[in-house]
Each structure stands twice: as structure tokens, then as C-alpha cells.
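Trainee: One-letter residues, chain by chain:
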Amino acid sequence: MTPEKLALTTTSPVAKPVSAGGADTALARELTRQLGPKKVLSNLSERLNYRYDAIQFGVTPLCVVLPESTADVVAAVKAARSAGVPIVGRGAASGLSGGATPLEPSLVVSFTRMTRLEIDPARREARAQPGVITLAVSEAARPHGLVYPPDPASLRTSTIGGNLGENAGGPMCFKYGVTGDYVTGLEFVDAGGEVHRLTREAYDLAGLLIGSEGTLGLITDVTLRLTTPARFTRTLMASFPEVGQAAEAVSSAIAAGAVPSKLEFMDQACVGAIEDYLHLGLPRHAGALLLVDTDGHDLETVEEERALVEAACLNAGGTVRRAATDAEAAALWQARRSVSPALGRIRPQRMNEDIVVPRSALPEVVREIRALGDASGLTLVQFGHIGDGNLHPNILFDPRKEDAHAVHELAHRIALVAIRHGGVLSGEHGIGTMKRDFMTDAVDPVTLDVLRSVKAALDPAGALNPGKVLPDAVKS
Amino acid sequence: MNNDIAQLHPSAQGELMAHAVDACVHCGFCLPACPTYALLGDEMDSPRGRIVLMKEVLEGNLPLYDATPHLDRCLGCVGCVTACPSGVPYGELITAFRGWSEPQRQRPVLQKLTRAAVLTMLPRPGLFRAGASVGRFAKPLAGLLPQALRAPLDLLPGSLQPAQPLPEFTPAQGARRGRVALLAGCAQQVLTPNFNAATVRVLSRNGVEVTVPRDQGCCGAAAMHTGARPLALEQARRNLDAFGAGAQGVDAIVSNAAGCGAGLKEYPMLLAGEGEADEARARELAAQVQDISEFLHGRLLEGTLEPTLPTSRPITVAYHDACHLAHAQGVRAAPRALLRAIPGVTVLEIPEGDLCCGSAGTYNLEQPELAGQLGDRKARNVMATGADFVVSGNVGCHTQLQSHLGRLGSPVRVLHTVELLDLAYRGEL
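As you go down the protein sequences, you meet chains A and B in turn. For what it's worth, our numbering labels the leading residue of the first sequence as 1, then goes sequentially. For what it's worth, our numbering labels the leading residue of the second sequence as 1, then goes sequentially.
Source of the hints: derived by calculation from the structure; they are not laboratory data. Accuracy of the hints is not assured; some may be wrong.
As the list claims (entries may be wrong) - Example chain B residues on the side facing chain A (calculated, C-beta under 8 Å, incomplete):
hint, residue
1, E43
2, G49
3, A337
Given the structure is predicted, the values throughout are model-derived calculations rather than measurements. Glycine included, C-beta positions come from ideal geometry on N, C-alpha and C.
So here's chain B without its partners, still in its complex pose (with noise of 0.2 Å):
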């Protein structure tokens, strides 16, 4: 599909989507893989459809405005990117899109004020916990209030878990093997706090030092996906920092939140014409980075990963592909492998395994009906495997899955890949 968006917005971030618009022969390929299709049916809410409308916008053919609500509707899982034959950078093309387009934007004075709110407290998981306490208690409230307020309420848990503050420094038990650098993640502190806990635990029962660099922050994916570029930059540059010199001769920068992991991964496209220095900074981060399962994967395949113990009964384990690890980072076999090599456990997989939860970065405050339907639809997917545990390796799908089996009545439990690894080696599964 050729353009001329280079030449009407000479800049990395206009070469970047010039070069994704060009990519698209609009085959067609990515429609089955795409979620709001699979709800729509229609064109404009698929992915060739958003990179036919982005071209438009950047043409200067169709007004921003007329194009936004099919582009508000991309949830980012990027499940078109894994569909595609011509490997068009979607993901690298809507975050540019947004980006270029979100300071153009006319807002209701609501909408502004909560995504504002969500950009930050989410970075700020003493913030954070302090309004999700208050929240619950306007929880029975939600059914009075706009649209804009109740759907942050009705993500709350009815409880918050006691915070677990992380140790800056953890030693390996035994004999050290490695040394890695752990990426806290901001939500996730305050909504599932074990999932640190659990991947320290992991990773020194396997000989492996865990530094938890003190300055790093948030790492802008939702601000970048959500268009606030200026404040995506500050936050990456805060990490290029906090992981420059708090994560020196390490192994590893290590993720356990898909997201996360994913926007770490993301800096060069962030950082593209922001200056070399900071673009080869950018880029060695983002080569160290690995998810908690891709970094267990390397030890399992080098025959070093600690055996857990077994089972005391056959255990069976829904793997749900978080879309920022699977699509994003193309992490499908490590977590499935660790899982398996717990004697006891047997994978199963979830139909339409590759169709997103919903809970893509704030869609679920955005864009909450559709969201809704993702979610219910996934969480209908888990319950016909039939399996004990359905198990992630991201918060959003770890509270949007929690939340839909809750509502459904199901007992299905919903751990992250790491949990269950620090069950089995405790022996408590």
C-alpha cells in the first residue's frame, strides 16, 4: 500500500509508519486473528482497516476525528502481527499513530481527567494502592456514576493483598549461578504482589541473584499506548538509567508482567530520532530483557533449571497466552515447556487460544463493553478445558481472567506461570 506519509511527516516516528503502511499488501490475513473483528465483522475494526484509515489520516484524506473510534477500539494485542504474511509492523505503527495523533485530540473533560488519573497512579503503586482502597468503598456507588467512573471501579478487587516490599537485594541459595536484574512492575505491586515474591523465590532456589535496581519507575507502556509519548520518554529514559548502572554484568533485565516486558522490549521504537545515544542505549536494554519464563526456559534446555517437586495428585493447567508475551515478544513454548516439566502437570490448551482477553493496557477502562465480552468469551474458553488452574504471565489477564470466572461462578484458580513453579517446589500443589 504505498504512501506518502514519509514526506508529509519527515521523522523517525513518519518513517516508521510510512514503512508499516508500505509493508501491507492487505491481504487480509490478519482478519480472523484480530479481536474486534471477530465481535464487529466489519472492516474498518480490523487491522487492515485501521492501516487503510491511519494512511488516510496521515494523508491528510480523512479527518482524525472520523477515524478515531475504529482506532480506540485496537485493543494493541498485536494478534494481527503473529496472522501476518508480510510481517507488517502493526504494533510499531498504531503506538507511532498514537503518539503523533493523541496531542491533537479533543477530549470530554471527563475522559481527560481519568486517563490522566490512570497515567498517574498507575506508575506509582503507593498512589495507586491508596486510590484502589478508597475506590472500593464507591464501589456500590458504580451503578450511579458516568460511564468514565464506573468502569475503574468495577476493575477494583473487593480486596486488596497486604503489600510484600521487595528486598532490593536477593542472594541465590547455594552455589550462584547468575545474577539478573527484576523489572518490580507498577500495578502489579499493588494488585498481585505475589508474583514478585514468587519470581524471586524462583530464581534464587535456582542459584540466581536478583537486584531490584531502586530508581527504576514505570516503563511507559501505558503512556506510549495510550499516546502520551512525552511522558513514555520520560519514563524509558528513567530505565535506561535506573538499568545502566543498577543492573551492571548481569544476565538478564528480567520481566514477569507480558506488558512490561513487552514495552522494555519496545525502547528502540520509542526512542527512534530521539538522539543515538539514546537509541543505542535503547537498544542494548532491550536486547537483556527477558520474561521470567524465557530466562527458567534457558536454564530448563540447559539442564540446570531445579527439579520441583511432584504433584500429590494429577494436576491439569490451562496456559492462556498473555498477547504481549505470545504475539509481542513471541514467548509461547518456555512457559508451556516450565509447566510440563513439572512432574504432575499436564497442559492443556484454550480454544481460540490466540484471541485476546480484553484487558489490553486500559481497554478495559476505555472500551469497557467490549472488553466485557473478550473477557467473558475467554473465560468461557478456560471453563470448557476443564482444567484445575488456568495459568498467565501478565496481571491484566490474571485479573481480567479472575474477574470473568468469578462472575461465571467458575472455581478455577488463576496463577501466574511463576506461582505455580514456587507451589511445586514448595510442595504445595
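Only chain A is shown next, with the shape it has when bound in the complex (with noise of 0.2 Å):
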């Protein structure tokens, strides 16, 4: 059983239900004495459905619990443990990465009741369980004054507990960081059923939970630290006649010291499908688009970036289109926000990359990816946060006309372009089991191993979400 392969076909044959009887009855009927019928799913039409998430198809899990609170957690976790079942922790799975699907029959921890959230304005702070939407913790700090920055485009359906297992980004992640820059302290259930409370102090040991995907440890309740949002916006829209110019634009800009609050970018074939799909008179022969919100609390500073900004597209040869009311902003981000529906008409399916590099090396980058698009003959479109160097190029296909392993193939040139210039696998929808075969290329051996060594020293017997993230050691 490949990765590859169950990540790109839904009708391949472990994508077929596994049927009742054996050790999930027995699995079932412990944590239904410990826990109550309610919080236990184990007809097959409940665990069917807890097979997947946005990206990918698993196997049928033997049982699914839906705790309440993290006693419930620790005693799935013990009785799991003790009928020798691994253990997949799940959100609302809306991940791209595979992260939440079972690959192998497990006991699947869904955590969407755990959903209590409280604000203290006066630590700046919020506690939430894992459940939580993501956009609910926004909401109820904004009655205080208060912002949670990290906004995945997901934010209306993600949890809090998903997006600190893969570290969530978002458009504003390259002025006001990541998932993983809000958390304060964290309480998490080991692989043995034990509890620990973690703040950032010393080894900064939350950290390393933040990120892992479910590998280390199950995240039961976390504080996150709240802003007070910025008083002004500015927005601006740059044209560019090829994709690297964008790129270019983005370098200058940056090295000139403007620190936008969003900085997006949309190749032609991207623009192209969303003005199939909504027709908003965006320039669909540009090569393509640069989006940029600046803000802050003084108006003279948000200008003088956007300033900076337009000087820096303007020299790398674009065209710039300025928001003059809060209503053309709004239009011109309809735009990227509507980019995942307007490839959804195009092919059933794709294959989302998730690459960050160096900012020096995008317009390179870019066009070296673009020109492995057009070789392969299959549709490619990139997009992403650029200002953080994090690009998305998606790979549209049709898995009863396309070739599974030819879009495998493509994604993992395109992972071998970022590797080669210095990049990373994984800006914000982690490694799952979509880039796991890509980690032997992008992590030296000894790194490798590091990482080894801190698995088996919080999850010895390796019971928690296995065959995510890191390859498997070759036997020598």
C-alpha cells in the first residue's frame, strides 16, 4: 500500500468499508461501559465517514469516539492502547494533507464537541478546547477589542486543534505569523493515557507538539494569545505581464521594507478560472496578480508600505490598480478567496502543493514550476501567500482520464524545485501521508533520525497516527 496511491484515487480497493466484527466490538463495547453510548460510534454508516478528509480516502475505522472532556480523551486513549488499536486524532477535517485519514484500522479521537471557549480581555487571551471553530475565537474576542490573527482559508469550518496539529497559516501569516505564534501553553494526552500541561518556557516542549499532526501527543485544550486589530487597511492590485515579475515585485518590495499585512499571488491560469466563474473584470491575459492589503494603527505608515509597494511593482514592470473604498477591496479579494471553487470547475480534483522558499529565490522558483506545467500536460495553476514564500501550486486533474502517478510525479518535481532552493515541504497543510514519501529528499539522514528519536521517546509502540509524517527508517 502506497501513499501516493491512496492519495490520488478514492476508488481504490482500501477505500472499500471494512465491515463490522472483530476487535472493534470489543473496542466499541469498553470505551461504551467507560463512556456512554453517545460518545462511541460504531455502526458501520458512523465510521465510514471518519475515513477522510479534504484531500484524501482512508480505511474504515474500527471505532470513532466523540469526547467531551479530556478525561474522556485519556480514557480513549488507555483503552485504545490497551487493545493494541492505533490512535488518529481528527478536526473538522478540512485538511489537505491526509493528516486526519486513518491508513490502517484505528480508534479515530474526533474532537468537534470539544468546542468550550473562553476569552479573559484582560490577559489578552483565549482558552479553547480543540473543537472550536477557528473563526469562533475571532468572534467572541471582537466584542473586547480583540483579534485572533492566524486565518486559514478554512477558518469557517477548521479547528483550533487542526490547525495547531499542521501549524496553520493564511494570508496574514507573513506580517502577523502562524497558529503556532498565539499559543501560549497547551495541555495535551500522551500516547499512555497521561496528562501534561506545557507553557513555552525551558524546552519549549508545546512547540514541538504544535505541528506534529497527531504524532506525538492529542492537544485537549490550548491558550492562545489575542491582538487588538489594526485601525487602517490599504489595498492594492498589481498586474504583471509574466509570473516572475510578480515574484520580482514581491523580493523588492520586501527588501525595501514594507511589511504588508497580505500578500497574494495568482498565476494567469488561476485568474483565468475565477473569471470564468464569477466574471469580475479581472485582467485574465496578465501573466499575474499581485494582491496586498498594508495596515496598522497609523495611517501615514500603511501609505507609505502601500507606497513602497506600488513603487516595487511599478519597476518590476506591472501594472497597479489602488482600492479606493473598502467596497473595492472587499471586490478585489472576492477574487482570492474564490479561487478553490473556480478550480473545482475545472477538474474534479487536485493535488495541493504546499511549498515555502527562500523570498530571493521565487521568481526563479516560479518559473521553473511553470515551465514543469506546460512539459507535463497537465493543469497547473499557482497561487499562494507569497510574502511568506509559501506557494500553492495545484495540480488539476481528472483520475479517470489523468494519470494518477503522472500528478504524483509532477508534485514530487515540484517539491525536488523547492528543496533545491533552499525550501521547506510544508508552509501550513503539513505532511501528512500526501508529502511523506518527499521527506527523505528534503531532511538530511541525521535530522531524520532526530526526529525519529523524539517520536519513539513520546509514543514508544508508535499507536499514534501512524504512517504520517516521517518515512520509515530503511533497514540497513
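Need the complex rebuilt from these two chains, each delivered in its own frame; the hints are there to steer you.
Mentor: Here's what the structure looks like:
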């Protein structure tokens, strides 16, 4: 069973349901005895729906538990361990790397009912259970004049637990950072069912858990830092004849000292898809578009920063349009938010890459990826949080007409481009199963061994989310 | 989500289901839009989960009876369709699936009888009125009855409004500036006869002639959405005849019940695979259908809508989006614009406005507990606005709002959009 096959087809034999019977009933009975019937799902119709995330279908779990407290999670972990069953944590399953899909018959711990959320305005903190929807944190903070900046595109759906697992980012990440930058402390249940509370002093063990994709422990409570929202925001859109020029503009604007709050890019194929979908009047013949927000508490600085970006765009050969009103800015951002649905209309499936490269390398990287896409015969579009060097080259395909291996091969070659330019495999979506194979290209053997030692120290039996992140060591 | 549904179920309805399942990329963006997911928090009771369940049943991997509890809990509010970034036609999928699966269902006898009774009485206002009158006297006994019989009794109003027969033809007041055919609706003729009366008055006041084709019947939405496909087809064909012949030369076929309007607009889907002639007639009719608010909004945009009198004091109106208007028909701006056009009216938005009130089709009868929870939540959200009135464009929402606001002791008055306009024209606000 190779991960790429799982990743690319939903009708492969492993996607078929596993029938009831055997070990699952014993585990389900034990958990039902301890937690009551409402928190335990054991029917096939129930379990079938806990085998996928937003990108991949895996194996039907043996049992699903919907905990309502840390104590429930402890009970679930201990029961699964006694039964020798692996444990997969799950939020809203909107992840794009296969992180929440079980690859072998497992216990799925779904956190959607752990939704307690408290705002402490005096400390400027939110305390959240993992099932809290990301947007809910900002909504609860707003009446206190506070905001929670990490804004993944899925913020209306995704949970804080999932954001922590993948260390999610979003358009605001260039200036304001990603999920992990807002965590001041967390509680987690380890592979043996023990509860730990961590702050970020001394060894940053909390940092280790963040982005670990459920392979080191199950996060059951988190304290998040809140900030005050910027008073002023200014928006501009720039179009460029060629995709590399957009990347050049980004590099030079940032080198000149601009720190935009959002800096997004879309290539021609992407803009074309949006235009076909929404007819917004975007320049569809441009090689690439940049969408930029500058923000802050001082209007003069905000305008100055926008001017810096504007000058960089003009120097790189771009044409600039400033949003005169909030409504105009909103219309421009609608284009960016519509990328996913617009792409969904072109091909039923997409392989979503999530590379990060040094900004100085951006022009070359986007050009190389464009060339790889053109040579492959597959439909490739590029967009992403370019200010952060975070690119999302997407391969759009129809699995009934296009070869899954060709798609996987192109994804791999894109990953290699990023690595060759000093980049990494994942900005915000995680490694999961999708990019696990590429880890041996990206991380040297010594470091991989260190990572395996960390995993072994926290999860000696390999019970937590097996088959994710770290490739198996090659036995010598 | 690739599937073999079209191969396993070679028919127009099979193709329709295969296409819908295929379009889903299981991104999960539908989850927060789903009322049952909001209440239950589990994947099987979400749109994404239900799509997977339907796929598994259609492909023969999961027995139908295993999936039905979760599929039955779907309100059919299609809030997920609005939220879906990939354009999955979920409404078409669940309707077609119910049509396919219902003949294979084994239901308890009492449930079968209740469903048959509802589908028999609902389309016949006379019978429905008679049944409702009798039912009212049984209300005190409701506590002693099994759930299947108790739910319909709980829903009946304490008193019925007198019938207001609709004239077959109402002339335009002043110069004639248009002509429409009106879909009268079934249950609303009994429960809220003033909806039609107010509609006719407002249209006539605006120089629009109104015909009510006599041969029209139930739109078929209730039958369609409960899986009674043969009955739905029969009812649809009757309306294709009635409106085809009786509504010649009209500017539009107007509906003032969101559920019925959506039902008519779904005829092309219902009649897919029923022969080219019927399919073409269905497309023609669907293209003519407009909600009353859409039709009047057109006049407002043209600048030909008669101005109303200003209200005697400033009033606040909470506008409730009926799912079958907002999600199924995409009509959101028109009713709000009409209400705002009344001098003295401020329109307020209801928190969690996109969430269904729980009264979708026969949901109150089949899932009374969930329907009640959603109704309570909606009523509390309406009360949080502090509005004087709550206005919607559907009889189902109307009775649900009335019942739950009443239960909570709220004085907020519940009206149809066109009723509020009618009051404004008459200077009674």
C-alpha cells in the first residue's frame, strides 16, 4: 500500500468499507461501557464517515469516539492502547495532506464536541478546547476589541485543534505569523494516556506538539494570545505580464522594508479560472496578479508601505490599481477567496502543493514550476501567500482520464524545485501522507533520525497517527 | 469523489446523482452551514457525510437501512449548497436519492399511514381544513398518543382563519402594467389565507392583473422531497398543463411560498428522463417562475413600484431568510430591498441567519425533536434582534416562528413580506 495511491484515488480497494466484527466490537464495547453510547460510534454507517479528510480517503476506523472532556480522551487513549489499536486525532477534517485519515484500522478521536471557549480580555488570551471553530475565536474576541490573526482559508470550518496539528497559516501569516506564534500554553494527552500541561518556557515542548499532526500527542486544551486589530487597511492589486515579475516585485518590496499584512499571488491560469467563474473583470491576460494589504494603527505608515509596494510593482514592470474604497478592496479579495471553487470547476480533483521557498528565490521558483507544468501536459495553476514564500502549485486532474502516477510525479518534481532552492515541503498544510515520501529528499538522514528519536520518546509503540509525517527508516 | 453510480444506476436520475457525488471534493466547507451538524456535531449528520453515505449505498457497499437514520435527519434546507465552493447540487442529489430509495424502505405501519395522510391531505385544501378542524379537538389528547400522531397535532394552530376564496381573475387597479399567474399553494390556503389575499391586493395595486389558473394543484415539493416520486410527477404534470394553458401571455408565474416556488423551479430536475416534451415544458415553466419578492423587486428596480405610505412610527423588521428562498432560489436581496423601500422601516439581520428554522417540508412531523431545537434556537435569535416584526416568505417558517416565539412568550409579530407591504399600502403600519 503506497501513500500516493491512497492520495490520488478514492476508489482504490482500501477505500472500501471494512465490515463490522472482530477487535472493533471489543474496543467499542469497552469504550461504550466507560463513556456511554452517545460518545462512541461503532456502526459501519457511522465509522465510514471518519475515514477521510479534505483530500484523501483512508481505511474505515474500527471505532470512533467523540470526547467531551480531557478525561474522555484519556479513557479513549488507554482503552485503545490496551486493545493494541492505533489512535488518529481528527478536527473538522478539512486538512489537505491526509493528516486525519486512518491508514490502518484505528480508533478515531474526533474533537468536534470539545468546543468550550473562554476569552480573558484582561490577559488578552483565549482558552479553547480543540473542537472550537477557528473563526469563533475571533468572533468571541471582537466585542472585547481583540482579534485572533491566524486565518486559514478554511477558518469557518477548521478547528483550533486541527490548526495546531498542522500549524496552520493563512494570508495574514507574513506579518502576523501562524497558529504556533499565538500559543502560550497547551494541555495534551500522551500516547500512554497521561495528561501534560505545557507552557513555552525552557524546552519548548509545546512547540514540538504544534505541527506534529497528531503523531506526538492529542492536544486537549490551548491558551491563545489575542491582539488588537489594525485601525487602517489599504489594498492594491498589481498585474504583471509574466509570472516571475510578480515574484520580483515581492522580493524588492520586502527588501525595501514593506511589511504587508497580506501578500497573495495568483498566476494567469488561476485568474482565468476565477474570471470564468465570477466575471469580476480581472485582467485575465496578465501573467500574474498580486493582491496586497498594508495595515497598522497609523494611517501615514500604512500609506507609505502601500507606496513602497506600488513602486516595487511598477519597477518590476507591473500595472497597479489601488482600491479607493472598502467595497472595492472587498471585491478584489473576493477574487482570492474564490480560488478553490473556481479550480474545482475545471477538474474534479487537485493535488495541492504547499511549498515554502526563500523570497529571493521566488522568481526562479515560480518560473521553473510553470515550465514543469507546461511540459507535463497536466493543468497546473499557482497561487499562494507569496509574502511568506509560501506557494500552492495545484495540479488539477480527472482521475478517470489522467494518470495518478503522472500527477504524483509532477508533485514530486515541484517539491524538489523547492528543496533545491533552499525551501521546505510544507508551509501550512502539513506533511501527512501526501508528502511523507518526499521527506527523505527534504530532510537529511541525521535530522530524520533525530525526529524519529523524538517520536520514539513520546510514542514508543508508534500508536499515534501511524503512517504520517516521518517516512519509515530503511533497515540496513 | 469518484463513483460508479452512473454505471450501476443507468438512468437520468442516476446520472444526476453520479454527477453530484463526483463534484464533491469533501473539503468540509459545508459543515458549518448544516443545521443538523450544528446540533449533533457528527460527520454522518453533515452534508459531506451524507454524500458519502449515499455514494456507499448506491454502490452497494452499505445497506440502505444503515444510512437512513442520518439521511432522514437532513432537512433539505440546502444551506450547504450556498456554502459549497465546488457547486455540488446537493439538493438534487438528496431528492433523487429519496425518490430512488423510498420504494425500498420498510417503515412501521403507523409511520406509513401518517406519511400517506400528509401527502393526501396537504395538496387538498378542503380536506386539509377538515382534518385540521378535527385535529384541533384532539389536541388535548396529544400527550397520550404515539409520537407519529402527536407531532402533527402539536403543529396545528389553536384556531383556523376563515377561508378566503381567491378570485380566478383580479383586474389591475388603474392602468394595466402587467399580468401574472399565481400559484395558490396548498397548506397556506388553510393556515395563512391572508398571504394570497395580500399578494393579490399588492399586485393589483401595482397595475398587475392576477389570474389563478383553476386547474392548478399542489406543486409536488412535499411528495418530491419525501421520495414519493410517482405522486410528485403526477402533480407536476397537472401544473404543467394548468400553467401551460391558463397562464398564456403572463409576465411571470408568481409564488409567495418559498417551498412551492422552489418546487416549481425544480421541475426540470424532477422530470429529467421523462421524455423530451415534458423536459422542455418543465424548463419553460421553471424559467417563468418568480417569487413574489423577485417580481416586485423588478418593479422597484425599474422605478415602477407604487410607493407605500410611510409608517406612523419607526418600526424595526427582522427579515428571516426562508431556506427555499435564500438557499434554493438564491433570493436574498429582493425582499430586503422591498422592506427597506417602506418609509419608516429598518431591516435587521437575525444572528445565525443562514441556519434553518427547523420547519422544512414535513420535518416537524418526522423529526420533531430536532425541528423543535432548531425552532427554539431561531426564535431566540429573532428575539435577540429586538425587532417589532419578523418577516419571511414561506408558510412553513411562518408557523414555526409563530409557534416557538409564542412558546417563549415573545410579542414579536410574524408576517409574510407581502403582508407587511400590504399593510404599508393601506397605511396600517
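Trainee: Could you tell me which of the hints above the structure violates, numbers in ascending order?
Mentor: 3
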